[in-house]
Amino acid sequence: MSCQETRELLSAWLDEALDVRERAAVDAHLAECADCRRELEGLRSTVSLLSRVEPARAPVGFVDRVMAKAHPTPWYVRLGRVIFFPLSFKLPIEAGAMIVIAVLGVYLLQSTPELKDAARPDALAPAAPTSRSEPPPPPVPPAPPAPASAPTPAQPPAVERDAELRKALPPASGDKRESFNVAPPAGQAQSVPEKRREAEQEAAPPPAAAPPGQERAKAVGPLPRTAAPVSPESREASPSKTDPARVDSDRKGALAAPSPMMSAKQQAVPPSVTGALTVKDRQEAERALDDLIARTGAQEIGRRQDAGATVVDVVLPQAAYAGFTKDLAGLGSLRIDGLPAETAQLVRLSIRISE
Amino acid sequence: MREGESADGPQFLERLRAGDVRAFEELVASHQHRVFGVALRMLGSAAEAEEVAQEAFLRAHRSLAEFRGDSKLSTWLYAIVSRLCLNRLASGDRKAVRHGEDILLRVADPREDPERDAERGELEAALHRAIAELSEERRVVVILRDLEGLSYEEIAAALGLELGTVRSRLHRARLDLKEKLERFLP
Numbered sequence: 001m002s003c004q005e006t007r008e009l010l011s012a013w014l015d016e017a018l019d020v021r022e023r024a025a026v027d028a029h030l031a032e033c034a035d036c037r038r039e040l041e042g043l044r045s046t047v048s049l050l051s052r053v054e055p056a057r058a059p060v061g062f063v064d065r066v067m068a069k070a071h072p073t074p075w076y077v078r079l080g081r082v083i084f085f086p087l088s089f090k091l092p093i094e095a096g097a098m099i100v101i102a103v104l105g106v107y108l109l110q111s112t113p114e115l116k117d118a119a120r121p122d123a124l125a126p127a128a129p130t131s132r133s134e135p136p137p138p139p140v141p142p143a144p145p146a147p148a149s150a151p152t153p154a155q156p157p158a159v160e161r162d163a164e165l166r167k168a169l170p171p172a173s174g175d176k177r178e179s180f181n182v183a184p185p186a187g188q189a190q191s192v193p194e195k196r197r198e199a200e201q202e203a204a205p206p207p208a209a210a211p212p213g214q215e216r217a218k219a220v221g222p223l224p225r226t227a228a229p230v231s232p233e234s235r236e237a238s239p240s241k242t243d244p245a246r247v248d249s250d251r252k253g254a255l256a257a258p259s260p261m262m263s264a265k266q267q268a269v270p271p272s273v274t275g276a277l278t279v280k281d282r283q284e285a286e287r288a289l290d291d292l293i294a295r296t297g298a299q300e301i302g303r304r305q306d307a308g309a310t311v312v313d314v315v316l317p318q319a320a321y322a323g324f325t326k327d328l329a330g331l332g333s334l335r336i337d338g339l340p341a342e343t344a345q346l347v348r349l350s351i352r353i354s355e
Numbered sequence: 001m002r003e004g005e006s007a008d009g010p011q012f013l014e015r016l017r018a019g020d021v022r023a024f025e026e027l028v029a030s031h032q033h034r035v036f037g038v039a040l041r042m043l044g045s046a047a048e049a050e051e052v053a054q055e056a057f058l059r060a061h062r063s064l065a066e067f068r069g070d071s072k073l074s075t076w077l078y079a080i081v082s083r084l085c086l087n088r089l090a091s092g093d094r095k096a097v098r099h100g101e102d103i104l105l106r107v108a109d110p111r112e113d114p115e116r117d118a119e120r121g122e123l124e125a126a127l128h129r130a131i132a133e134l135s136e137e138r139r140v141v142v143i144l145r146d147l148e149g150l151s152y153e154e155i156a157a158a159l160g161l162e163l164g165t166v167r168s169r170l171h172r173a174r175l176d177l178k179e180k181l182e183r184f185l186p
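Top line first, the protein sequences correspond to chains X and P.
Residue 1 is where the first sequence starts when you use my numbering, and the numbers rise one by one after that.
Residue 1 is where the second sequence starts when you use my numbering, and the numbers rise one by one after that.
What the hints contain is simulated information worked out from the structure, not anything from laboratory work.
Some clues are possibly wrong.
[Said to hold, decoys possible] Short, incomplete list of chain P residues facing chain X, as computed with Cβ under 7 angstroms:
{"#": "1", "residue": "21"}
{"#": "2", "residue": "25"}
{"#": "3", "residue": "32"}
{"#": "4", "residue": "54"}
{"#": "5", "residue": "61"}
{"#": "6", "residue": "152"}
{"#": "7", "residue": "178"}
Here the structure is a predicted model, which is why all the values come from computation and not from measurement.
For every residue, glycine included, the Cβ atom is placed at its ideal position computed from N, Cα and C.
All chains should be built: construct the whole structure from the sequences, respecting the hints.
This is the structure:
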């Protein structure tokens, strides 16, 4: 076999597509011919290169397109798809229905104020005040317990009572207002509305019972009817005041409820001076003390019975203190304990009258 | 194909002949890449290749009743698409015969990896160019043999050629490729 004949069969030799006789002849020639062997290796390498060509892949959707052409959809089905599925993608009808319902629900809720109000969780609650900044109406305080004896006349407003007190107390210096404003600092910053609120709080019903430890502190507070200076005439017009039972009743009332007559300034004055007055007739001495209080411009802020003695608390200006104690000494045997503070404008004096 | 059913089994063929839509869909799905690949290598255009490949399956669908089963279904499909390509190439009724069509061939492959393409890009391009520059008669033979793996007998049956003609065309095609790809050979 010549080289030309051999080389014509080399591709078939590589593919094992030769019959036995041809293959044997080619093998014999290749064993003797180096050129034909090089030609065979060249063809083998070429075929090997061709095997490295990546196989092609049909484009996506090829099967669907072939099937659509092989089995065309009837016209009525295509018409239905055009009507109901105008989009190029298939949306599951269940998901589409849910989306439509959700969008409609939100739209209705937004467009209907009644529904929006009904959906609010606090819709069932009572109508809220129109403005949060507006404070709620103050509770109506229940009427204070009526005293067992004669009805107490209506008390003047706290501001008016304070004004009365200012008039009653002579100023230590030229300015009457200034004499009160320099009182102990706890009460200086209080304005008139604050006093009003304080008076209203004090007028509120007291707790059922006060602890024993608080009794003395409250007892030193002024009684309502002693807030204003009491003239001898008025004292005579209300003889029940001197009645021990009456006084005891008032004292209980004072213990039960802070008196609205006692202002913050008065409460802030400490009992700096105590006096023990020994007299022959205690009632007579009390009347004389009332006259002295009215005369000197002092204010009685408390009176109580204590172990056969009468304890009267008064507040008076520093300037009137000397004259007050001098006149008080004329009522009996007086023993003063303590000295008023030099810087204080008011002096609180507790007088114990005993026989 | 159903379980226990081969691609050329009598049961599957029976379903195809009976007009089973599902069976035909399975046939298209299992042969789409090979049929499309032959058309792509022959025509060089992905769009033309898809058009011809679709036409090949549609002709098969219309001719299923006439398929006697003498050859494999795949060989029958190769025969259809090869003749369609040769007819199209011979008619000159092509929308565009593009130079540098190998770019399209590469783009048509969805598994194209830029890094990998950079490594083998030159060889790949040379291979595609060399195949595309073969004559149509030799190209179809080398595609069916060296790319699709058909036997000489199958190629002869598909193209209606003598076995010797197939052997001769294939050898000539390989010699042409060897000459074009010589710089890549060891």
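- Check each numbered hint against the structure and report the violated ones by number, ascending. Per hint list: zero violations.
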